[in-house]
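S.K.: This is what each chain is made of:
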Amino acid sequence: MKDHIIVCPFDEQLLAKLSERNVVIKSHDLNILQSIQKHLNKSLRLHAIKIQTDVPLSAISFQEDWLKLPLAIYSPEFGNYRDLLHQLNLIRRLNIRIFLSSEYDDNYTGLKILSSLNINCGLYFNNGSINWEAMNDLMHYAVYSKTKHAHIEPFDWLVSNYEPTDYMDYHSVYFNNPAKYLHVNEKEQIALNEQEMLNNRIIGDGIPSLDRIHVNEHYNDFINARYDIMLQMNECAYCPAFRICLAKFEHLTNKNDTCKVFFSDFINAADYSFKQRNSKRTKIWQL
Amino acid sequence: MAVVIFKAIEKCNSNCIYCDVIKKRQDEIMNYDLLKLIFIRMNEYLSANLNENITFTWHGGEVCLLGSNYFKVARQLQDEYCSETKSRIKHLVQSNLTLITQKMINLFKEFGIAQIGSSFDPVPNIRGFGKNRNSQLYNQKFIEGVKLLNKNQMSWGVIYVVHRLSLTSPLEIFYYLTNLNTRSHPNFNQVKIYGEDTHNLSITGEEFADFLGAIFPVWYENIDRYPNVQPFSDLLRSIKDRDFSLVCESSGSCSNRWIYIGPEGETSHCGRSGDYDVLLYGNLKDFTFHEIMNNPQRNQLAERQTVLPELECAQCRFWGICHGGCPLDAFMTDNDFLKKSPKCDSTKIFLERYFEPITGLYADFPPPKSISVV
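Protein sequences appear in the order of chains A and B. Numbered continuously in this note's numbering, the first sequence closes out at residue 287. Numbered continuously in this note's numbering, the second sequence closes out at residue 1374.
Hint data in this document are derived by calculation from the structure and do not stem from the laboratory. The beta carbon of each residue, even a glycine, is placed where N, CA and C say it ideally should be. Check before you lean on any hint, since a few could be wrong.
In silico BS3-like links for lysine-lysine, alpha-carbon gap of 27 Å or less [as the list claims (entries may be wrong)]: (1) K1151/B with K180/A; (2) K1141/B with K248/A; (3) K248/A with K1086/B; (4) K248/A with K1151/B; (5) K280/A with K17/A; (6) K1240/B with K283/A; (7) K1192/B with K1147/B; (8) K180/A with K1147/B; (9) K1109/B with K280/A; (10) K1131/B with K1141/B; (11) K112/A with K283/A; (12) K1348/B with K1192/B; (13) K275/A with K1131/B.
Far from chain B by the CB rule (all over 10 Å, computed), these chain A residues [as the list claims (entries may be wrong)]: (14) H28; (15) L46; (16) P76; (17) G79; (18) Y144; (19) N199; (20) N216; (21) N220; (22) M230; (23) D257; (24) I267; (25) K275.
Examples of chain A residues lying across from chain B (beta carbon under 10 Å, computed) [unchecked claim]: (26) S160; (27) E163; (28) F222; (29) N224; (30) R226; (31) Y227; (32) L231; (33) Y238; (34) V261; (35) D265; (36) N278.
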């Protein structure tokens, strides 16, 4: 089975071995885009390129020759709006999603601005703190606002893919849901997500072992990890929003004022959107 | 459709606090000769009734204690003795899942079984192994069973028995159970304790109604998320859509449809009557399905449907969704099948206090005779 999308570094030898698979190339270096651009003509099934940069968004020099690339740019902060202003026309023409860190309060406003400028964007969570109230506000804007705006992730992904009776893993947005994405390094070692790779928790070796991943014990344990939460009978097991959060903030001590409020509102928004999608609206008579 | 509740074994590996089966004939397992006779009897019945089907429910005790070979033999017996009628036998399984194996699942699949009914309780030490009801180990084994079912793309659902310890946290229990399985949602039943309430678990009808009432607004607001929670779904379908396909205890039509078969071939009306040793219809060795299905004792169950509307249930606007409730409940409380079920209280309270004000719907299904009076 070659149904997983492989997240890997830009390594020509590795990519040659992954030619039958869809790949996400990840890097910390924006300059790598030039090399990937050259590689594009070869047998590369490129799903996306994820660039995690330390540079503020406004300091990135967006390029015309990125137009053909499916980009996910992760930047820690929005930066200076005025610096970004002159690049807006180009950014809007790019095939891009811009992600900002949840760590800085200004980013919540920054994402609202990007979205209102019709630039697809999103929030990413690193080890920093989350402003739950601001995130909730942003989610409400993303889902309920009637004003024309571009998608804000992970809200739009979850709301668009939401099936009320399914578990949903919004880490798909970050290429970190092992049911859909697997991470492979230059040594062809396989990990379940980015963090697992960083922690050197390798579950398989060699590209051929990707085809046997469904019988991999670690893979199946991870896929079934939600049951461990249920067995622990901790707060997450009793949360109304468990099915869309899957205990990703289990470590928080005060869930009642943080994740529980946010995810309860989020699942309600997803339900609202689901109903809207499936409602039988009156079709107005035609002129 | 005939419904067979088949308890080849009454032994269970669990010691659930509210269970009566555990007190019964622990060591009997139906032998293969009797098992063969069941399939012969079913074939006789189906051959004589060409429009009939049988729902054959493997129940216990814990059915997995039978071991996979037992199901293999049953499959062979069905193939041999019901070769022409087996397509009209639908198998169901009720299991606590703690002993289920891949071999058993393979055999269940051969029987066409795609889902398994189970039970679960997040409240500690209600369901569990051994004298102290080790629920931690029980839950682990249950989840292992669930994972195996998921791997085999078999669905499963749980019954939740509401007892005194559940009353403090209805919503938490609801969320837990719907988080445990997002697709098949729980069926809430009131605990039934007819003997001594050693563990103080018994609850009143009003307490049960209030338990349901604490969950109902959340359920009604989010039906897409929790589509099939019982008894809510059935009540809504009945009252809103006037679709009265009701569960056995509310249907008023169980009198000539159900057969219980125990490990020694003894028969009774249903699983509950078998547990309580009432409505005993004789041994399968001595009677055909037709004879058992038409045992004269069943008449009093049918009679309820004419007696109750004249007496206790006269002009009751909930009749059409209740039909006097489970006759066994009435008998265990009043020693009389011609009384309404005591569960009537909880149904009425729940509907009047919660269901109707929240939904804006009004149940108006009096017995036919009352309609003519009006």
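S.K.: Could you run down the list of hints and mark each one as holding or not?
M.R.: Evaluated hints:
Annotation: proposed proximity of K1151/B to K180/A holds, straight-line Cα distance about 17 Å (limit 27 Å). The hinted pair formed by K1141/B and K248/A meets the criterion: a straight-line CA distance of about 25 Å does not exceed 27 Å. Straight-line distance between C-alpha atoms of K248/A and K1086/B comes to about 48 Å, which puts the hinted pair past the 27 Å bound. The suggested pairing of K248/A with K1151/B holds, with an alpha-carbon distance near 24 Å, which does not exceed 27 Å.
Simply put, K280/A and K17/A have alpha-carbon atoms about 48 Å apart, too far for the 27 Å limit, and the pair is violated. About 26 Å separates the Cα atoms of K1240/B and K283/A, which keeps this hinted pair within 27 Å; it holds. For the hint pairing K1192/B with K1147/B, the CA-to-CA distance comes to about 30 Å; that exceeds 27 Å, so the pair is violated. As the CA atoms of K180/A and K1147/B are separated by approximately 19 Å, the hinted pair is consistent with the 27 Å bound.
Among the hinted pairs, K1109/B with K280/A is inconsistent with the structure: their alpha-carbon atoms are about 38 Å apart, more than 27 Å. Between the alpha carbons of K1131/B and K1141/B the distance comes to roughly 17 Å, so the proposed pair stays at or under 27 Å and holds. Distance hint between K112/A and K283/A is unfulfilled; the C-alpha atoms sit about 32 Å from each other, more than 27 Å. At most 27 Å may separate the alpha-carbon atoms for a hinted pair to count; K1348/B and K1192/B meet this at roughly 18 Å.
In summary, the hint linking K275/A to K1131/B is not supported, as the alpha carbons are separated by about 49 Å, beyond the 27 Å threshold. Here H28/A stays apart from chain B, with its beta-carbon at least about 37 Å from theirs, past the 10 Å limit. For L46/A, the requirement that its beta carbon stay farther than 10 Å from each beta carbon of chain B is met, with the minimum near 33 Å. Against chain B, the non-interface label of P76/A holds: every CB pair exceeds 10 Å, the least being about 34 Å.
With a least CB separation of 40 Å from chain B, G79/A remains clear of the 10 Å interface cut-off, as annotated. For Y144/A, the condition that its CB be more than 10 Å from all CB atoms of chain B holds, with the nearest at approximately 17 Å. At roughly 25 Å from the closest C-beta of chain B, the C-beta of N199/A stays outside 10 Å, upholding its exclusion from the interface. With 10 Å as the threshold on Cβ separation, the claim that N216/A sits away from chain B holds: the shortest Cβ distance comes to roughly 13 Å.
For N220/A, the requirement that its beta carbon stay farther than 10 Å from each beta carbon of chain B is not met, with the minimum near 8 Å. Interface exclusion of M230/A from chain B breaks down, the closest Cβ pair being 5 Å apart, not more than 10 Å. Every C-beta of chain B lies more than 10 Å from that of D257/A, the closest at about 18 Å, which supports listing it as non-interface. A beta-carbon of chain B is positioned within 10 Å of the beta-carbon of I267/A; the least distance is around 8 Å.
Not every Cβ of chain B is farther than 10 Å from the Cβ of K275/A; the closest lies at roughly 7 Å, contradicting the non-interface assignment. Checking S160/A against chain B by beta carbon gives a least distance of about 16 Å; that is not within 10 Å, so the hint is violated. About 9 Å separates the beta-carbon of E163/A from the nearest beta-carbon of chain B, less than 10 Å, and the hint is met. With a cut of 10 Å, the hint placing F222/A at the interface with chain B is violated, because the nearest CB-to-CB distance is about 12 Å.
A distance limit of 10 Å between C-beta atoms decides the matter here; for N224/A the minimum to chain B is near 5 Å, and the interface restraint holds. Taking 10 Å as the C-beta cut-off, the interface hint given for R226/A holds, the closest approach to chain B being about 8 Å. Using the Cβ-Cβ criterion of 10 Å, the hint placing Y227/A at the interface with chain B is satisfied: the shortest such distance is roughly 5 Å. A cut of 10 Å between beta carbons decides the hint on L231/A: the least distance to chain B is about 6 Å, and the hint holds.
Annotation: interface hint on Y238/A holds; nearest CB of chain B at approximately 4 Å, less than 10 Å. For V261/A, the suggested interface contact is broken, since its CB lies about 15 Å from the closest CB of chain B, more than 10 Å. Given the 10 Å rule on beta carbons, the hint for D265/A is violated: about 13 Å separates it from the nearest Cβ of chain B. Against a cut-off of 10 Å between C-beta atoms, the interface hint on N278/A holds, since the closest Cβ of chain B lies about 8 Å away.
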